[in-house]
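**Student:** With these hints in hand, go ahead and build the complete structure from the sequences.
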Amino acid sequence: MALEKRQLLIYFGGMDSATSGVVIIDGKNISKFKKKELTKYRREDIGFVFQFYNLVPNLTALENVELATQICKHPLNPKAILEKVGLKNRLKNFPSQLSGGEQQRVAIARAIAKNPKLLLCDEPTGALDYKTGKQILQLLQDTCRKEKMTVVIITHNSALTPMADRVIHFKNGTAFDIQENPNPTPISEIEW
Amino acid sequence: MKTALIKDGIKEIKNSYKRFISILLIVLLGVGFFAGLRAASPDMKETLDEYFDSLDVMDIQVISTLGLTDDDIDAIKNVENVANVEGAYQTDAIVSVGEEEFVVKLETFSKEINKLNLVDGRLPENENECVVEENFLLGTDYSIGDSIEIEAEDVTNDDGEEVKLLKNNEVTIVGTVKSPLYISTDRGSTKLGSGMIDYYVYIPKENIDIDMYTNIYITVNGAKELNTTSNKYDDTIEAVKDDLEAISEERREARYNELYESANSKIQDAEKELDEEKSKAKKELADAQKEIDDGKREIEDGKAEIESNRNIAYSEFAAAEEKIKQGKEELQEQKENFEKQKADAEKQIEEYQKQLETLKETQKQLKTLESNLKIANETLESLNNELQTAETEEEKNAIQVQINEVNIKVQTLQKTIEQIENELENQGITNISATIKTIENGIKTAKNELSNGENKIEEAEKELEVAQEELQSTKNSTYYTLNEAEKEIEEAEKELKDGEKELEKARKEFEKEIEKAEEKLLKAKEDLKELKRPEWYVLDRNTNTGYASYVQDTDRVASLAEVFPVVFFLVAALMSLTSMARMVEEERVQIGTFKALGYSKIQISRKYIIYALIATVVGGIIGIFIGFNLIPKIIADMYAMVYEVPDVILQFNWNIATLGIAAALICTLGSTIYTCARQLRHNPATLMRPKSPKPGKRVILEKIPFIWKRFNFTAKVTARNVFRYKKRFMMTIIGVCGCTSLIIAGFALRDSISRMIPKQYGEIDKYNIGISLKEEKYGDNLTKIEEELLSNEQITNVLSVNLQSVKIIKDDNNQSIQLIVPNDITKLNEFITLRGRRNQDNTYTLDNSGVVITEKLSQLLDIKKGDTITLENSDGDRSEVQVANITENYIMHYIYMTPELYNEIYDTRIESNYVYAITNELTEKQEDELGKKLLSNSDYISGVSFTSSTEDMFATVMDNMDTVVWVLIIAAGLLALVVLYNLLNANISERIRELATIKVLGFYDKEVYSYIGRETIILTIIGIIVGLFGGNVLTTYVLKTCELDITMFDPDIQILSYVLGIVITVVFAIIVNVVTYFSLKKIDMIESLKSVE
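Protein chains in written order, with numbering that gives the first Met the number 0: chain A, 0 to 191; chain B, 0 to 1092.
I should point out that these hints are in silico values taken from the structure, not numbers from a laboratory.
Quantities reported herein were computed from a predicted structural model and do not represent experimental measurements.
Using N, Cα and C, we set each Cβ at its ideal position, and we do this for glycine too.
A hint or two may mislead.
Claimed, not checked - Under the rule of at most 20 angstroms between Cα atoms (straight-line distance), these lysine to any residue pairs were calculated in the SDA-like manner:
id, chain 1, residue 1, chain 2, residue 2
1, B, 1005, A, 23
2, B, 1005, A, 71
3, B, 443, B, 357
4, A, 35, B, 1007
Unchecked claim - Pairwise CB distance ranges, derived in the manner of DEER restraints:
id, chain 1, residue 1, chain 2, residue 2, range
5, A, 156, B, 588, 40 to 46 angstroms
6, B, 588, A, 20, 34 to 40 angstroms
7, B, 681, A, 39, 40 to 46 angstroms
8, A, 39, B, 588, 36 to 42 angstroms
9, B, 588, A, 184, 35 to 41 angstroms
**Tutor:** So this is what it looks like as structure tokens:
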């Protein structure tokens, strides 16, 4: 994993404070946050989608979502979210009973259900096959559009850039290019 | 390759030192406990063996019902493999200390066998000396150098005579010893005194005045080299025992004949002597009779003589008195005559006197006249002269006138004289003077005659008086003589009567004696007829109470070793299983790679096996050293209070060490190999892919929606997790349960033992003093004693009882039991509480329906309420009696019975020999004083013992119990720590991704902790709950195992022990959880971003 990507995740995700520089999210400089504030920030403002889903194997799909919703202030209904991600019939399945795509859907559902300000996705399709990947991306895009949620997808796969509203390119630790995409390409048309 | 592997192994250990230490610690605990507990028994046995070897304790002893002789010794010496033989004399005796009496075991000491372990002073060198056990000095205030008086019962020698046992009853204490034959505090029972032997005293053989032994001690060749508790030793001894049994036949016969001959000749002698004595005595009696008869005759004669003498004297005295009477009458007559004569004579004398007076008067007149005449004549003459001379006339005239006048006067005077002389002439008196003389003579003569007469009469009277006096004295002396003679006779009669009485007595006595002698003879004859061939008892060390109970007790400890370590080994196995499984799993890809590279399964497994091996061996070795050195010492110290043996010899026991480590290796290596084998079953491709996580599963609870629905989310997660990892679940529960159980057992043990004393001596035995009486007393005598005791202001209540050692006749029963028969059963409950242990309000009253026995006795002999037992009293009489109730009791065995029942079943009258007394609160000093006062102020008390002294003894036991509790708590704590830490470690390292994820999800530290900590808490709670039951079972087991036959530990566990078990376990759990909390805090969230390996 490239250094930039991980650092982005760490600092955006509030897993650690930056030693220098500033990270301003929703007008707050989170790089100066104390540990507890960072936790609060993660808890309330961030939804995290992992590359390897990171579902709790011992919990059902629904419970995995509930794991997140039970700790935040204004959660969405876990069941409804799972229905939205198309797992209406998988509520009571354990991760091991789900396919990779389904697991990632659960993971996204878990992130969305928190009703975060920022949905941070770490290579959401990295562990998925092409078709499933597309479905997931569609889901993320739909979420972004319908729920009016900021979705950040962090990926090495530049093929995905056309679907984004805004693309920031990193290289050697610095953002070297930011491009606006007034008309994003629909997911179905993206190939990689 | 090899070094690389080792390097890899060491690196692995460094990397996962927590895991390594966990395995090491649990192995250490398991092996340590196992080795220590296992080694305790052999160590203690070895100590005993060494001790016995060093003192050459007998291997076998022979006891005969008729005593043993030097011939027996010689015969035994010839038995094969007999190394040394020595005879000894053993008996029970009484030593009086001040007013107190102690029963001692008196034994001769040997120089070759059963040597004494000298503690202080020296061994006796002559028959005036003795050595005693240390406690003797403590209990009696005597010290070395003091003399004691030993009262031993007389014994029957080979000639059938009752002789004194000891040459010297007063012996000097020259030292204190420990005898290997009495290593326990039990000195056995006796018929003397209170029935219990207090001390042992050793004297030299020289002091025994009888040519016989009671015991022959034997050592066996080669036995010393063997451990006394080993089977080999038993075999060696058994062989010699058989040989001894073989020669016993002949020896018994010889002894019988010897005694028979001796007794028989003695009877014959006695018969002869009796006959002689009979005839001699008969003759003597006849002589005496004759003497008495003679005496009687003499007395009769004497009486007759006195009678006749008295008669003679009477008549003689009558005659003499008559004579005197006559003499008196005659004298009276004479007196009367003389009186008359006297009167006449006196009249005459009077007349004479008158005459004489007249005459004298006249004579006087004459003389006067004549002198006057003379004077006148002279005057005339002078006048005439004057006339011649006269010058003047005038003068001549005057003179003439004067001459005339004188002339006239002369003439008148002459005329008067003439006249008187004439008158006298007329009366016939010429010479007046002669006449006067004559008259005077006449008077004189008359007076003389008169006085003569008077004298005569006086003489006669005197004579008469003398005669009378003489008669009286004669009478007196005669009567005196007679009376004396009579008295003499009387005395002689009395003497004779006494003689007769004496003779009668002598005759009776003689008859009695003869009868007695005949009876004795008859008895001797009967005895001889009944003289049985002696029995030989060939006994080995197992019949020595101290030895046997010591060996039994060490075996009990060994059985403890079978329970305690099991928990640890089980946990060790489970822990290795989980740890190694995790380790193998963590390196799954590496294993897959190796496998793909073509390494064999063994080569791949080697690393893990070495890892487990090192942990196990290191832990095991440390455990063995700690266990071997610590546990046997603690256990031996506990037993040292009951047994007099040297400090325990701690030895390194290879068998146990090997066994312990082997067991640990089986647990750890077994689980390692199992895990490796399971992993290596897969092909490299599978292995190199990340392991599919264990599928989530629904737990049983979910099927009960009633409960599941009530669970909040975290509870559900926890419930799933708890049930997900079964091995970990088991390990933790067993570990925590073990911890709780051990702590409960430790405290319960301590508690049970600590409660034993206050219960026994406070609630059950409510008396403070036991007073033993010198003799059995009954009725008024007893009341008097009770009253006297009560007159002590400190004593508030007394109860007399009969206390005796009894036996219950049942297979294999050698319990010593005390029978208590209270004199007044209504007062019993003021002194001794009879009640059920479980239901303490349920007190029993003693009645005639049966006896009440103590609980431990009922357990040991499997006697239930309502059973009938056969009871043998101290006289050896047996009778059946029903058990009416079973009562709570903790120390010793007792049977309680009403006097009526005793009298009925043994057909006798029970008398009291012991008094229980209750006093006011007393200090130790006051107790001492009261004891001394009781002993010195009365001559019926032989001993005073305060229950407080027993209480003191147990205080030391309690100190040692604390050590045990500490060891248990430390072991339990380590167990809990290791297990919980392992659980935590496994949970964290295995679920680090999950934990990092929830952290990223925004869980606060506390929430992260509770997400995982709940599991530990729930498992701990389940473990504790199981541990409460486990503690109960363990406590019961440990108590039963540690209990001596004479003691009972209260098996009921106090709530406090449970509480402490819970609290201490919780404390350990909290420690682990605090560590968990900080470990969780340290988890890096980046872990969540890593790919699944």
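**Student:** Would you mind marking each hint as holding or not holding in the structure?
**Tutor:** Here is how each hint holds up against the structure:
no.	hint	result
1	B:1005 with A:23	violated, 27 angstroms
2	B:1005 with A:71	holds, 15 angstroms
3	B:443 with B:357	holds, 18 angstroms
4	A:35 with B:1007	holds, 13 angstroms
5	A:156 with B:588: 40 to 46 angstroms	violated, 26 angstroms
6	B:588 with A:20: 34 to 40 angstroms	holds, 37 angstroms
7	B:681 with A:39: 40 to 46 angstroms	holds, 44 angstroms
8	A:39 with B:588: 36 to 42 angstroms	holds, 38 angstroms
9	B:588 with A:184: 35 to 41 angstroms	holds, 39 angstroms
When held up to the earlier numbered hints, the structure conflicts with 1 and 5 and fits the remainder.
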